[in-house]
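Asks: Residues 1 to 369 (this note's numbering) are what the sequence shown spells out, left to right.
Among these hints, one or two may not hold up.
Now the in silico label distances, taken between C-beta atoms and shown as ranges [to be verified]: (1) H316 to R145: 22 to 30 Å; (2) Q129 to D264: 33 to 41 Å; (3) P142 to Y230: 18 to 26 Å; (4) D143 to R71: 48 to 56 Å; (5) E59 to T118: 21 to 29 Å; (6) T189 to R71: 19 to 27 Å; (7) P144 to P245: 40 to 48 Å; (8) D234 to D355: 30 to 38 Å; (9) Y230 to G34: 15 to 23 Å; (10) P114 to T189: 40 to 48 Å; (11) S54 to E171: 34 to 42 Å; (12) T136 to D355: 55 to 63 Å; (13) R253 to A326: 52 to 60 Å.
Just so you know, the hints here were simulated from the structure itself, not pulled from any lab data.
Idealized CB from N, CA, C, for every residue including glycine.
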Amino acid sequence: MHILISGGSVAGLTAAALLGRAGHAVTLVERSTGPRQGGVAVDVRGTALDVARSLGVYEHLIANRVTYEDRFVFVDRNGTPHAVVEPNADVYDSPGDIEISRDRVVGILADAVPDGVTKLHGYWIGDLQDEGSHVTVGIQGPDPRRERFDLVIGADGLHSNVRRLAFGAEERFARHLGLYVGVIRSCSTDLGVSDTTVYNEPGRMVMVRGNGDEQSVILGYRSCLVDYDYRDVDAHRAMLTAAFPGDAGWRFREIRDEIASSPDLYFDAVSQVVMPSWTTGRVALVGDAGYCASFFSGMGTSLAMTGAAALARALHAEATVPQALATYCTAMRPVVDAAHALAGEGAKILFPTTDDDIARRNRRYTLKV
1 MHILISGGSV AGLTAAALLG RAGHAVTLVE RSTGPRQGGV AVDVRGTALD
51 VARSLGVYEH LIANRVTYED RFVFVDRNGT PHAVVEPNAD VYDSPGDIEI
101 SRDRVVGILA DAVPDGVTKL HGYWIGDLQD EGSHVTVGIQ GPDPRRERFD
151 LVIGADGLHS NVRRLAFGAE ERFARHLGLY VGVIRSCSTD LGVSDTTVYN
201 EPGRMVMVRG NGDEQSVILG YRSCLVDYDY RDVDAHRAML TAAFPGDAGW
251 RFREIRDEIA SSPDLYFDAV SQVVMPSWTT GRVALVGDAG YCASFFSGMG
301 TSLAMTGAAA LARALHAEAT VPQALATYCT AMRPVVDAAH ALAGEGAKIL
351 FPTTDDDIAR RNRRYTLKV
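The whole structure should be built from the sequences, with the hints applied where relevant.
Replies: Listed below in structure tokens is the structure:
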């Protein structure tokens, strides 16, 4: 089978590795010209660990895992601790989970893709036409072309181009959860914390996490949906800076400078993608493109790997593409629904909306000295 995959991150690379090894003729297109940098540490958990083992990358993930302090300490504007969430109190981790930088996961999965898979960096899908027996695709990039594929897989993230072309506009499926998040993966300023430390003002959060000599910063704030170019890094910096004025407390003055200068800033809306089906004709969505569970579910990477594996299994087991896509959707629906349900509690803990909410959270997790 001739398969086109759009998206060179976790979902796309997992699908390319599994389908390439199964003997399919796979082409992978990725709009960026090289590996994407930045982003937060991610979790590989549950059935995604089995997918890692089947690909032979489990030990590589273990060898590259990051180690943060387990507990979350909540401080006031002067840095005084007031509350702490201990391991396994209200988090979703389970024994065996692997926390690892997104860049490392992508690199490890890229190495697992067979040499026979055609990788086209700097290319993307310009148009597609499902003609029943195949899909005709216009591929844009340095050397534009039109090709026929038996199946097109959209693994191109929250702002999926394939979803837009095959299913409709993003606003039909993306549910904004009222939050924006920015991540500085490697903070050049020593912020002097050992535990994962969180500072809140109503509707705003700064979190600092340490991993050896490296510290990462996660910033977030509550906001209605704003129209902006999600690829414009200068717009990201401006929105984050505006959300945290000069009188913001704790260590935000230093963090403000990091927002302006960090080369690996990540920023996006916190959203879930909710769809009645992740397939139409000979087009299927995998990972965030079809069922983004949001930043606060902790399940994005695992859903991407699990979904790619479910699709590969269905294509192997069923006689036709329509039968395989129906099997894929049936298998993933309960998994996706459970992951979507996880997002709410994390946002309540990390983003109290009023001073009373902050005090109530702190009383619930009062620091024991």
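Asks: Each hint: holds or not?
Replies: Structure-based check of each hint:
no., hint, in the structure
1, H316 to R145: 22 to 30 Å, "holds, 28 Å"
2, Q129 to D264: 33 to 41 Å, "holds, 38 Å"
3, P142 to Y230: 18 to 26 Å, "holds, 23 Å"
4, D143 to R71: 48 to 56 Å, "holds, 52 Å"
5, E59 to T118: 21 to 29 Å, "holds, 28 Å"
6, T189 to R71: 19 to 27 Å, "holds, 23 Å"
7, P144 to P245: 40 to 48 Å, "holds, 46 Å"
8, D234 to D355: 30 to 38 Å, "holds, 33 Å"
9, Y230 to G34: 15 to 23 Å, "holds, 19 Å"
10, P114 to T189: 40 to 48 Å, "holds, 43 Å"
11, S54 to E171: 34 to 42 Å, "holds, 37 Å"
12, T136 to D355: 55 to 63 Å, "holds, 58 Å"
13, R253 to A326: 52 to 60 Å, "holds, 55 Å"
Against the hints set out earlier in the document, no violation occurs for any number.
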